[in-house]
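**Q** Listed here are the chains, written in short residue letters.
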Amino acid sequence: MGSLLQIAVRNVVRNVRRTAITLAALLLGVGVMVSIRGTLNGLQRSMKESMVLAQTGAVQVHKKGYLKNVLSSPLHLDMEVGDALVKRILAVPHVTAVAPRILFGGMVNLGDQTLFMATLALDPKREFEVCPKRRDLFDARAKAFGTSADGMVITVELAKGLGAKLTEPAALLAPDKDGALSGENATILGTMQLTSPGERKIGIVPLPLAQHLLKMEGRATELAIAVDDLENAPLVAAALERALGPEFEVHTWDNVATFFKDILFRQDFLLSLIATVFLVLMLLGVANTMLMSVLDRTREIGTMMALGVRRSRIVTLFLVEAAVIGVFGGCLGGLLGSIVVAWLHVRGIEVTMPTSAVPFVIQPFVDVLYIVKIVCLSGIGALVFAVYPAWRASRLRPVQALAGG
Amino acid sequence: MALVELVGITKSYELGRTVVHALNGVDLQVERGEFTVVMGPSGSGKTTLLNIIGCLDRATAGTFRFDGEELGDRDFNDLAEIRNRKIGFIFQSFNLIPVLNVTENIEFPCLIRGDPKKALRERVRQVAEEVGLGKFLAHKPDELSGGQRQRVAIARALVTQPQVVLADEPTANLDSGTSEQIIDLMLELNAKENVTFLFSTHDPRVMAHARRVVHIADGRLVDGTDSGRAEVAAVAGMGAR
Numbered sequence: 344m345g346s347l348l349q350i351a352v353r354n355v356v357r358n359v360r361r362t363a364i365t366l367a368a369l370l371l372g373v374g375v376m377v378s379i380r381g382t383l384n385g386l387q388r389s390m391k392e393s394m395v396l397a398q399t400g401a402v403q404v405h406k407k408g409y410l411k412n413v414l415s416s417p418l419h420l421d422m423e424v425g426d427a428l429v430k431r432i433l434a435v436p437h438v439t440a441v442a443p444r445i446l447f448g449g450m451v452n453l454g455d456q457t458l459f460m461a462t463l464a465l466d467p468k469r470e471f472e473v474c475p476k477r478r479d480l481f482d483a484r485a486k487a488f489g490t491s492a493d494g495m496v497i498t499v500e501l502a503k504g505l506g507a508k509l510t511e512p513a514a515l516l517a518p519d520k521d522g523a524l525s526g527e528n529a530t531i532l533g534t535m536q537l538t539s540p541g542e543r544k545i546g547i548v549p550l551p552l553a554q555h556l557l558k559m560e561g562r563a564t565e566l567a568i569a570v571d572d573l574e575n576a577p578l579v580a581a582a583l584e585r586a587l588g589p590e591f592e593v594h595t596w597d598n599v600a601t602f603f604k605d606i607l608f609r610q611d612f613l614l615s616l617i618a619t620v621f622l623v624l625m626l627l628g629v630a631n632t633m634l635m636s637v638l639d640r641t642r643e644i645g646t647m648m649a650l651g652v653r654r655s656r657i658v659t660l661f662l663v664e665a666a667v668i669g670v671f672g673g674c675l676g677g678l679l680g681s682i683v684v685a686w687l688h689v690r691g692i693e694v695t696m697p698t699s700a701v702p703f704v705i706q707p708f709v710d711v712l713y714i715v716k717i718v719c720l721s722g723i724g725a726l727v728f729a730v731y732p733a734w735r736a737s738r739l740r741p742v743q744a745l746a747g748g
Numbered sequence: 069m070a071l072v073e074l075v076g077i078t079k080s081y082e083l084g085r086t087v088v089h090a091l092n093g094v095d096l097q098v099e100r101g102e103f104t105v106v107m108g109p110s111g112s113g114k115t116t117l118l119n120i121i122g123c124l125d126r127a128t129a130g131t132f133r134f135d136g137e138e139l140g141d142r143d144f145n146d147l148a149e150i151r152n153r154k155i156g157f158i159f160q161s162f163n164l165i166p167v168l169n170v171t172e173n174i175e176f177p178c179l180i181r182g183d184p185k186k187a188l189r190e191r192v193r194q195v196a197e198e199v200g201l202g203k204f205l206a207h208k209p210d211e212l213s214g215g216q217r218q219r220v221a222i223a224r225a226l227v228t229q230p231q232v233v234l235a236d237e238p239t240a241n242l243d244s245g246t247s248e249q250i251i252d253l254m255l256e257l258n259a260k261e262n263v264t265f266l267f268s269t270h271d272p273r274v275m276a277h278a279r280r281v282v283h284i285a286d287g288r289l290v291d292g293t294d295s296g297r298a299e300v301a302a303v304a305g306m307g308a309r
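Chains D and G, in that order, are what the protein sequence lines are. Counting in this note's numbering, the first sequence runs from 344 upward without gaps. Counting in this note's numbering, the second sequence runs from 69 upward without gaps.
Any given hint might turn out to be false.
To be verified - Computed from the model, here is a short list of chain G residues facing chain D with C-beta under 7 angstroms: (1) 119; (2) 124; (3) 128; (4) 145; (5) 151; (6) 157.
As the list claims (entries may be wrong) - Where chain D lies over chain G, by a calculated footprint (3+ residues, C-beta under 8 angstroms): (7) 79-85; (8) 174-183.
Derived by calculation from the structure, the hints in this document are not laboratory data. Glycine is no exception: its CB is placed at the ideal position from the N, C-alpha and C atoms.
Chain D extracted, bound-state conformation (with noise of 0.2 angstroms):
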């Protein structure tokens, strides 16, 4: 066996021109595999940090029941925020911030225009705790949220709907939280992106103001927390639904944003696809190359049965062989991705997502176990695209191998 492989070895670097060419496919194929990987890695990371850092938070809590409830905004599902709530959550372990949140359906109006927005009502010192990033999609004028009592923030599509000048003193329109209609003043001091798909029409409102705008003093719908790392956002999760209890439900941010989960999974599913379409390719490469050697090494394969080697044997020759191939092109590959992913990563990307006017940066990363994977599968795909030329050799009858075929 030891000879054979000595021999399926040599014959690899035989024929240096095919065996280069083989190379350069399973090269270009995991190569490109590998960075498509690392891009996608890179985005996905900023779309979540993006999503948690500007909109969920990592953690939230709600009463029992809310989400199920989320899109008719319960405000009979509320909590008192107190002191004591808020100690008991930042006790748990990983746990950094806390921010009270109510979410309403309310109307906006400024001049003769009256529009349905959904509201997100915020505590601006605490929010931005949580949700550091939130600031980054508000214009200018928007960032001065929270130095006045009435200042609020719409959406770009909201302002377009309003469609006049948004220093007008502005009223908020809402049934509070016994149904009956309320309404504040309010200004709109600017307005602000949005990242993700879904309701264009929103607005954000002090959390004093809405809670009196719906007669609920002290309380909130939501809790968002913010954890140390992203990873230990399970954990916290668990460790908070066995410190609040079973009146409360606790839901880490990819259960609240499932839309999120859609998307990753959408991608993952393209990359996929793109990656199997490279990995067929480049393998039929290596079986062509293998059938060529197959036909070019016949009277050889003769030779070797002449001197008493079994099909079996035969079968594995050209089965290392390829799996040489396989593995030493995908780990070239992989080496030549990884490569591009750190320079990729060093550079940076600036990105424009469809939904939002905010660009931002990718900075592409790729996991070594990726890596190995692929460098697996492109050595495992190898040897079964050998399959059939291998048995093909050893097929041959030794006499009818010996003549050249």
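Got chain D sorted already, so can you dock chain G onto it with the hints?
**A** Positioned in the frame of chain D, the structure of chain G alone reads:
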């Protein structure tokens, strides 16, 4: 008991709608230690005969016994093992494995059957010396002349200590001087080591060296042309030519 015994061996091929009879009722016995030449023109059936004796091909009909065993119904792996352990091959085109050097080519059949490499090296060196390749052990086939390559093939055929060495036109690709040397070498090995040689040729020059000659034409042994085992025994007993 003859080492090789063929009785009524027939080999037919189908070429499209035509059936070609490469061998047509061949009877032949080869005893141990013989040096037999099968003579005949191209297409007479020499190679087919050697292929059947070498377990590289199967007869269409007839009985083939090797070392007392009938091999007609053996499977591929059984025949591979017989080829590896009992038969040495020398081909017209040398058929060395190009990626292996002289030592590796010679030891290859022994490694296939699992002989330990360390113990082999000394024997390989000895056989290589015997065929005059002592200085070329690390050379690759493409660094050797035709005669040297055929010497490697002879060494490879002998290293397993086979019961018979089959040589299919071993001098066809060599010049006359080298052909003489190769034939001398085989005769010497036959005399010294008592190795049984059976080789095919259509080169009349070889006749001068042959101890037993069997003529074949149109797939049949030509009656009255076998120079006979009595003569062979007499010549073999004399040692080297």
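**Q** Each hint: holds or not?
**A** Here is what the structure says about each hint:
1. 119: For residue 119(G), the interface hint holds, since the closest Cβ of chain D sits about 5 angstroms away, which is under 7 angstroms.
2. 124: With a closest approach of 4 angstroms, the residue 124(G) hint holds.
3. 128: violated (13 angstroms)
4. 145: holds (5 angstroms)
5. 151: Result: holds, 5 angstroms to nearest chain D Cβ.
6. 157: holds (5 angstroms)
7. 79-85: violated (count 0)
8. 174-183: Contact hint for the segment 174-183 of chain G vs chain D: holds, 6 residues under 8 angstroms.
Checked against the numbered hints above, the structure breaks hints 3 and 7 and satisfies the rest.
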